[in-house]
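2 protein chains.
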Amino acid sequence: MDKTFSPEVHAKIWSLSKTHELLPIHRVLLGHDGSMTNLLELISYCEVALRTIKQSVVPCPREVADLLAVDVEEFVNERDIIIVRSRDGSPLLYARSYIPLSRLKPAFKADLMRADIPIGKILQRYRIEARREIIDVGYLSSDCRLEELLACPGPYLWRTYNIITQGKPLIMVKEYFSASFVS
Amino acid sequence: MDKTFSPEVHAKIWSLSKTHELLPIHRVLLGHDGSMTNLLELISYCEVALRTIKQSVVPCPREVADLLAVDVEEFVNERDIIIVRSRDGSPLLYARSYIPLSRLKPAFKADLMRADIPIGKILQRYRIEARREIIDVGYLSSDCRLEELLACPGPYLWRTYNIITQGKPLIMVKEYFSASFVS
Chain A
1 MDKTFSPEVH
11 AKIWSLSKTH
21 ELLPIHRVLL
31 GHDGSMTNLL
41 ELISYCEVAL
51 RTIKQSVVPC
61 PREVADLLAV
71 DVEEFVNERD
81 IIIVRSRDGS
91 PLLYARSYIP
101 LSRLKPAFKA
111 DLMRADIPIG
121 KILQRYRIEA
131 RREIIDVGYL
141 SSDCRLEELL
151 ACPGPYLWRT
161 YNIITQGKPL
171 IMVKEYFSAS
181 FVS
Chain B
1 MDKTFSPEVH
11 AKIWSLSKTH
21 ELLPIHRVLL
31 GHDGSMTNLL
41 ELISYCEVAL
51 RTIKQSVVPC
61 PREVADLLAV
71 DVEEFVNERD
81 IIIVRSRDGS
91 PLLYARSYIP
101 LSRLKPAFKA
111 DLMRADIPIG
121 KILQRYRIEA
131 RREIIDVGYL
141 SSDCRLEELL
151 ACPGPYLWRT
161 YNIITQGKPL
171 IMVKEYFSAS
181 FVS
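These protein sequence lines map, in sequence, to chains A and B. Under the working numbering, the first residue of the first sequence is numbered 1, with each subsequent residue one higher. Under the working numbering, the first residue of the second sequence is numbered 1, with each subsequent residue one higher.
Careful: at least some of the hints might be erroneous.
Result set (DSBU-like, lysine-lysine): computed pairs, CA atoms no more than 30 Å apart in a straight line [unchecked claim]:
(1) A:121 to B:12
(2) B:121 to A:18
(3) A:168 to B:18
(4) A:105 to B:174
(5) A:109 to A:121
(6) A:54 to A:168
(7) B:121 to A:12
(8) A:121 to B:168
(9) A:54 to A:174
(10) B:121 to A:174
(11) B:109 to B:121
(12) B:168 to B:12
(13) A:105 to B:105
(14) B:105 to A:168
(15) B:168 to A:168
(16) A:121 to B:54
(17) B:174 to B:121
(18) B:54 to B:105
(19) A:174 to A:18
(20) B:18 to B:109
(21) A:168 to A:105
(22) B:18 to A:121
(23) A:168 to B:109
(24) A:174 to A:105
(25) A:54 to A:105
(26) B:168 to B:109
(27) B:12 to B:174
(28) A:109 to B:168
(29) B:121 to A:121
Think of the hints as simulated: they come from the structure by calculation, not from any bench.
Using the sequences and the hints, build the whole thing.
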């Protein structure tokens, strides 16, 4: 059950890499198990900022409930964000995340609701020990909404992962970025 | 005290990047906060293996004791390893790590002593939640021992970091790799 280096996920990344001639940086973006914000800053050689598109409390969608190990209809915070390069505002990544409200500590919740702080930085601020479990990765040849959000035509790469703390998934994230992402 | 994205560490990476014309992949190798084994597999597009050069229990060296928050002379496991590409045995990275014996759980200890398992995979096997705190990074123009270990002339890049679990540093690692590391 070694999910971070899950043979299935690595095999899928190898397969995508072969079929779509991915660069090493794409495989890293798909399969790394550290903070995405930190990684984007290192690649882009500058700070990045978060723009929240939408944030609301909703009953947990069926396809997310299993992954978060919560009941369907339990309330979750749904957040859509774009990470942009600070120096020119270029979009680098679009993400949607789900957090069960029942697993949020009050201080953490306040920061999360402030909407402008990346999850990786919140975890770090509260020195939260965690592990990231990559669930799936994929390739998407085109998508009108992503073209608008990322200001870039397809293809795109995506990944889904959980951030697990105290034995339970705290957050489920699905992220998309351009397959022509170069550094 | 946001150490993972410590302004000092990022500033040092930016400075090294400017002075030595580092590639994005070098900045990622220096500053990421995920598993190094996983990262090397993603970059190299193949599995990697660990070769232990030396492993022994020693009194904690003075310069390590502060970083691990243990007393000088407390016993630590000192391990020197090389991570190599499985397909051709090429050395990718040399690392020395220190683990206070008092912080090792028995099962974990047995795996560690087996010598052939990377720390990132041990953490994952036991589903250990942790955070990595980058302490320092640097550049080394030449070094005879590294030239032999990495089968590659200088310059080299290095980084030092702690892996923290249950509020205490479990492991201190110093890693070296070639500054001509390309993927």
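Here's how the hints hold up against the structure:
1. A:121 to B:12: Distance of about 19 Å is within 30 Å: holds.
2. B:121 to A:18: Satisfied, since the Cα-Cα distance of roughly 25 Å is no more than 30 Å.
3. A:168 to B:18: violated, 41 Å
4. A:105 to B:174: Violated, at about 34 Å.
5. A:109 to A:121: Given that 30 Å is the threshold and the Cα spacing comes to 13 Å, the pair holds.
6. A:54 to A:168: Between residue 54 (chain A) and residue 168 (chain A) the Cα gap is close to 25 Å, so the pair holds against 30 Å.
7. B:121 to A:12: Holds, at roughly 19 Å.
8. A:121 to B:168: Holds: residue 121 (chain A) and residue 168 (chain B) sit about 20 Å apart, inside 30 Å.
9. A:54 to A:174: Measuring from Cα to Cα gives roughly 15 Å; hence the hint holds.
10. B:121 to A:174: holds, 24 Å
11. B:109 to B:121: Cα-Cα ~13 Å, so holds.
12. B:168 to B:12: Distance ~25 Å between residue 168 (chain B) and residue 12 (chain B) Cα, so the pair holds.
13. A:105 to B:105: holds, 29 Å
14. B:105 to A:168: holds, 22 Å
15. B:168 to A:168: holds, 21 Å
16. A:121 to B:54: Violated. Residue 121 (chain A) to residue 54 (chain B) sits at ~37 Å, over the 30 Å cutoff.
17. B:174 to B:121: Holds. Residue 174 (chain B) to residue 121 (chain B) sits at ~18 Å (cutoff 30 Å).
18. B:54 to B:105: holds, 21 Å
19. A:174 to A:18: Since the Cα atoms of residue 174 (chain A) and residue 18 (chain A) sit roughly 23 Å apart, the hinted pair holds (cutoff 30 Å).
20. B:18 to B:109: Roughly 41 Å separates the two Cα atoms, so the pair is violated.
21. A:168 to A:105: Satisfied, since the Cα-Cα distance of roughly 14 Å is no more than 30 Å.
22. B:18 to A:121: With a Cα-Cα distance of about 25 Å, the restraint between residue 18 (chain B) and residue 121 (chain A) holds, given a limit of 30 Å.
23. A:168 to B:109: holds, 25 Å
24. A:174 to A:105: Roughly 22 Å separates the two Cα atoms, so the pair holds.
25. A:54 to A:105: With a Cα-Cα distance of about 21 Å, the restraint between residue 54 (chain A) and residue 105 (chain A) holds, given a limit of 30 Å.
26. B:168 to B:109: holds, 17 Å
27. B:12 to B:174: OK: residue 12 (chain B) and residue 174 (chain B) at ~16 Å, within 30 Å.
28. A:109 to B:168: holds, 25 Å
29. B:121 to A:121: Answer holds: residue 121 (chain B) to residue 121 (chain A) is near 24 Å, not above 30 Å.
This entry does not satisfy hints 3, 4, 16, 20, going by the numbered hints stated previously.
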